[in-house]
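Residue numbers (this note's numbering), protein chains in the order written: chain A, 4 to 673; chain B, 218 to 634.
Source of the hints: derived by calculation from the structure; they are not laboratory data. The structure presented is a predicted model; accordingly, all values stated were derived computationally and were not measured. Glycine included, each C-beta is placed from N, C-alpha and C at the ideal position. Hints are supplied without guarantee of correctness; some may be wrong.
[Said to hold, decoys possible] Footprint (simulated), chain B over chain A, 3 or more residues, beta carbon under 8 Å:
(1) 611-620
(2) 634-640
[Said to hold, decoys possible] So, partial list: chain B residues that the calculated Cβ filter (under 10 Å) puts toward chain A:
(3) H248
(4) G251
(5) G311
(6) G313
(7) T314
(8) G322
(9) R343
(10) F346
(11) T356
(12) K368
(13) L444
(14) V616
(15) R623
This is what each chain is made of:
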Amino acid sequence: MVRRKEILICIVVAIVSIAGHSRADDDEPAFRARAERERGLASLNGEDPTASGTVVRLDDRLPTGEELRDVLPEIPSVRVMSTGADGQYTALGLRGTEFNHTVVLLDDIPLSGPETGGFDLSQLPVAAFERVEVYRGGAPTFFGVTPVGGVLRLMPRIGGPDAVRATLGTESFGGYRAGLDSRATVGKVSVGGNVGLVGARNDYLYLDDGGTPFDTRDDVERRRRNADFQRGHAMLTSRVDLGRTVIDATALYVGMNRGEPGVASRRTERSSTDLSHLFVMLGVDHRGTLRGAREYRVRAALATGTERRRVSDVFGELGYGQVDADDRTRVVHARLAGSVDATRFLELVATASARLDRFLPDDVFASYEQVKSTRDTLGAGVEARLHGTLGRVPVELRPSVRYEWTRGSATGQDIHFDEPRRIDSASPSYRVGFGAGLAEGVSLVASAYSGTRLPTLLELFGNRARFRPNPDLEPEHAKGGDVGFVVARPFEHVSLDLEVRAFAVRIDDVIDVFVIANHGQVKAINRDVARIFGAELGGSLTVWRHLRAIVSAHGLHTEHDADLELPNRPRFVALARLEGMSGPLGRRVYDLAGFVQVSHLGRAFYDAANLVPFEPRTTFDVGVRAALLVPGLSVFCTVRDLFDVRGMDFTRSPLPGRRFSAAIQYRKEL
Amino acid sequence: MLRSKTLFAWIALSLVGCAESTPVQDGGSLHAFGSDLPRFAVLSTDDTYTSTSVGFLDAEASPMVESWIHSGTVAPKLVETLGGDVVFVTEERGDGTFTLVDRFGTDVITRFDLATGEVIGQVRVRESFAVNPYDVAYTDDGRAFLVRFGKNPDPAASDLEAGNDIVELDPDTVSLVGLDPETGTIAGRIDLSPIDALVGDTMTYASPASALDVSGYLVVGLGRFALDYSAAAEGGFAIVEPASGNVELVTIPGLKSCEQVHRVPGHPARFAVHCGGMYGSEEPDAGLVVFELDADGQATEVASYLAEEGGSPLDSVVVLDGDRFFGIRFGTWDSSADPDVGYVVRFDDGEAEEVLRASAGGATLGTAAFDPETGILLVPDKNDGVIQLRAQGASFEEVRRFAFGRSGMRVRAFVRL
Chain A
4 MVRRKEILIC IVVAIVSIAG HSRADDDEPA FRARAERERG LASLNGEDPT ASGTVVRLDD
64 RLPTGEELRD VLPEIPSVRV MSTGADGQYT ALGLRGTEFN HTVVLLDDIP LSGPETGGFD
124 LSQLPVAAFE RVEVYRGGAP TFFGVTPVGG VLRLMPRIGG PDAVRATLGT ESFGGYRAGL
184 DSRATVGKVS VGGNVGLVGA RNDYLYLDDG GTPFDTRDDV ERRRRNADFQ RGHAMLTSRV
244 DLGRTVIDAT ALYVGMNRGE PGVASRRTER SSTDLSHLFV MLGVDHRGTL RGAREYRVRA
304 ALATGTERRR VSDVFGELGY GQVDADDRTR VVHARLAGSV DATRFLELVA TASARLDRFL
364 PDDVFASYEQ VKSTRDTLGA GVEARLHGTL GRVPVELRPS VRYEWTRGSA TGQDIHFDEP
424 RRIDSASPSY RVGFGAGLAE GVSLVASAYS GTRLPTLLEL FGNRARFRPN PDLEPEHAKG
484 GDVGFVVARP FEHVSLDLEV RAFAVRIDDV IDVFVIANHG QVKAINRDVA RIFGAELGGS
544 LTVWRHLRAI VSAHGLHTEH DADLELPNRP RFVALARLEG MSGPLGRRVY DLAGFVQVSH
604 LGRAFYDAAN LVPFEPRTTF DVGVRAALLV PGLSVFCTVR DLFDVRGMDF TRSPLPGRRF
664 SAAIQYRKEL
Chain B
218 MLRSKTLFAW IALSLVGCAE STPVQDGGSL HAFGSDLPRF AVLSTDDTYT STSVGFLDAE
278 ASPMVESWIH SGTVAPKLVE TLGGDVVFVT EERGDGTFTL VDRFGTDVIT RFDLATGEVI
338 GQVRVRESFA VNPYDVAYTD DGRAFLVRFG KNPDPAASDL EAGNDIVELD PDTVSLVGLD
398 PETGTIAGRI DLSPIDALVG DTMTYASPAS ALDVSGYLVV GLGRFALDYS AAAEGGFAIV
458 EPASGNVELV TIPGLKSCEQ VHRVPGHPAR FAVHCGGMYG SEEPDAGLVV FELDADGQAT
518 EVASYLAEEG GSPLDSVVVL DGDRFFGIRF GTWDSSADPD VGYVVRFDDG EAEEVLRASA
578 GGATLGTAAF DPETGILLVP DKNDGVIQLR AQGASFEEVR RFAFGRSGMR VRAFVRL
């Protein structure tokens, strides 16, 4: 149950944001310095035309009832893993890498940390964000991160026209969804607020084979139990535009409670997770000119986050022993980034960041002393952005290096390591991006990069129980590269965005978790090399503002031990959606729109030995949206998995199959 | 399932290397051995203990079928054909049938008829809670008893969900005897909770891990662990009278984690109790103790070998006869410089003769099997596959090493059929 305090916060934020409404003096888009300027290369992201970045805007969607797991597959090389329906653990892997190889940013600040593993995206509401950006492979230097797999960046709604929007929806399996969003500008100050409440029982049907694949007599359809969830969120954004200087602030609170249904062959009744997450960020952008000619830009940001995660499994239903935990994570992050035009063809970009992570475990059933873990990270990077023309061809070359120092300590996480242990690591990395404009709106792009993932404290020091320590673990190191073409070209009645790339990734010292003894004790160990090769395609085509086609697809070839494929990597993944919008049809019908979407997950292997196949799955979604009766009023209806394919996720969690979402939305410009 | 290739052909053409057409399943049938029954079963798992494969060797340890059944033999639904935590029973029935125990999380017992290749039956031995079946003991009078290692902390759990017990299994129908599916009550269930014990303020549970029929009694190896393995009570085993359900705890002072019981070849009334010691403990709390059981169910110690500081060949054992056992001392994880080493050890004077070195250390060697009739000793090496030794007088000599099974799978254990 979402607590009263959380609901109260949502209400307060809503009131504050609505009360702040008044007509804006102008609707000029907010200045958001990014150490970046247009140079004439086609790009599908706003940060770095040489990066494999794709943006999905969330403002004008036809489907309703969406979570991030529904939106992200529109981006090529995305692999979303979940443990069932909405509200259950959801993680993102990019270009065939692991889920903990993806860094999640809120604006410029990492939400994921060294202890989060695969970041749980189910706690983040789509409605709170204006757009998502996904960078595969090496990330733009400006972000100050060096991921192995890539970056998911969530951009909060800041600025825009004064408006209020309210949404109310209902969904299958006891689902409901309510949200309120408002934005206003008073003079130089813009304020935005977004609150929402989502939940579902998730008691959908699935086939229980009784754990006996050789005996179908005990097969029976059951309803999923203990998979319900409720999530409330509140986001408050503000911006003060002082001309050359812009100050922005973002606060996000998420409270979530969910049952933990466990794997479907071992049902649970009482295990649950209750989490709350508060994130506050303050940023300052400043731009100017040096000696009247050389432009410079600076952005400073300070953020703090706290997460409280209460996991209750007092009867050991989930299979990891008895747990009644109240763990807290605290993070402080500071970053400074700037750029300056050194010459007509050279821009220098520098970033520096500091991050303090504190993890405070508290488990009633823990049989060992629980001591705070710490990790402090300092990072610095520089990029030389060379740009100009070769003949009549615009070109850009972006070599960059980054160095990161990490220091941490952990005490008493294992009987063998009850003395304070230190973690010291230095991780150099690089990225080189190249782009050339082959024709108007068409670019050749390529990049090469390296990335690092440090072992988590759990992997290093164990937990005195099932997870054995291995303080000798080395960080994972990745090297990768890609090459391809980007088309971003508007015509008179047609607009085409297209990206096609081939990529390769090699990960050394892969950290795998092994079972090392009876009773399920495990240990993380550096192993061999993983190699991933693939190709990706993504794009959209808009015709006459009435038709839009969206396509994403990728193919993978992976290698692990003895020429085996990496588990849980579909060889082929594709999504295609066709949208039609009528425009005004009469006095009371302002727009009728609909979509058909087909999604395909290709064959993969469930296990590292490639014995157990994950059968391909193709699903269809359809939906309509009607804007009628009064301006700003829209009704939505979406049917997912139209033919009730259901199937399993990679974790052997049954998926809900055919389900309906309906919503009514009212939006009013103020 | 909707076909995908036509729908996406145009997309596929624009991509490199994305074709998907390789079949992965070996088909859903199991080979029938007829009268030419195998002598040894070989269990392999992958590095991550996600999937399992089982093959067979003949009496001379020559391969018959390298992958008779594996995790992908039939299309998976909620669970795959075999999980990653599969074990053999301590002692097979010896009548051409074969048993697989799919342990933690799957909790399924499957019995096969090797002559016909048919599945005799398959049963999940719980409803929801992972009771973690560890072993099935077959008795001379045609019964079978299942030991369930896991302990359900919910005091209101039904018999079916309780664990920490012994329940009877019908070996012909492969079903739980006495189970009322409506209530979860199991008539005749032998609850081992009476021998749970407090260690300090930590409760430890019987944790039955293996069982043998010795002279009409069930001898049950006990882990005696706390739920999170942070503590273990004094090592011991239980002597259970199946007819009455009477349970007697026999402790072995100084030892811990006495999970495995072994038959002593040539001595029908003798059994050996292997105590592995507390994981991570620096105390010499491991040992192998041989007992003799009299007609009244009283056990008398007849021989023992106790660990010494600095390491002993007690990480995995198989009893060869009343005087000797084969024991393994684990070396350093993944180190070829400090590999696992196999010894033949005499009970009387503790003399240990090295008979093999593994390809690496850190549990590279697994669970061995010995055939007293032929003198063949098989030791699994996760890198090399099968190591075959043969008795030569009082010692053993290595005959050969050979790879066995599917690519990516590691040989972990043998059982004599």
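Outcome of the hint check:
Counting residues of the stretch 611-620 of chain A whose CB lies closer than 8 Å to any CB of chain B gives 9, which reaches the minimum of 3, so the coverage claim holds. Look at the stretch 634-640 of chain A against chain B: 0 of its residues bring a Cβ nearer than 8 Å to a Cβ of that chain, fewer than three, so the hint is violated. Interface restraint check: H248 (chain B) against chain A, minimum CB-CB distance 15 Å, threshold 10 Å, status violated. For G251 (chain B), the shortest C-beta to C-beta distance to chain A is roughly 21 Å, which exceeds 10 Å, and the interface hint is violated.
About 23 Å separates the beta-carbon of G311 (chain B) from the nearest beta-carbon of chain A, more than 10 Å, and the hint is not met. At a threshold of 10 Å, the smallest CB-CB gap from G313 (chain B) to chain A is about 18 Å, leaving the interface hint violated. Because the beta carbon of T314 (chain B) sits about 15 Å from the nearest beta carbon in chain A, more than 10 Å, this interface hint is broken. Annotation: interface hint on G322 (chain B) holds; nearest CB of chain A at approximately 6 Å, less than 10 Å.
Hint status for R343 (chain B) relative to chain A: holds, with the closest Cβ pair at about 8 Å, below 10 Å. Taking 10 Å as the C-beta cut-off, the interface hint given for F346 (chain B) holds, the closest approach to chain A being about 7 Å. Among the interface hints, the one on T356 (chain B) is violated; its C-beta lies about 24 Å from the nearest C-beta in chain A, farther than the 10 Å criterion. Satisfaction of the interface hint for K368 (chain B) is found here, the shortest Cβ-Cβ separation to chain A being roughly 9 Å, below the 10 Å cut-off.
Of the supplied interface hints, the one on L444 (chain B) holds, with its beta-carbon coming within about 6 Å of a beta-carbon of chain A, less than 10 Å. Because the closest C-beta pair between V616 (chain B) and chain A is about 26 Å apart, greater than 10 Å, the hint is violated. The interface hint given for R623 (chain B) is met, as the beta carbon of that residue sits about 7 Å from the closest beta carbon of chain A, less than 10 Å.
Hint compliance for this structure: hints 2, 3, 4, 5, 6, 7, 11, 14 are broken, all remaining hints hold.
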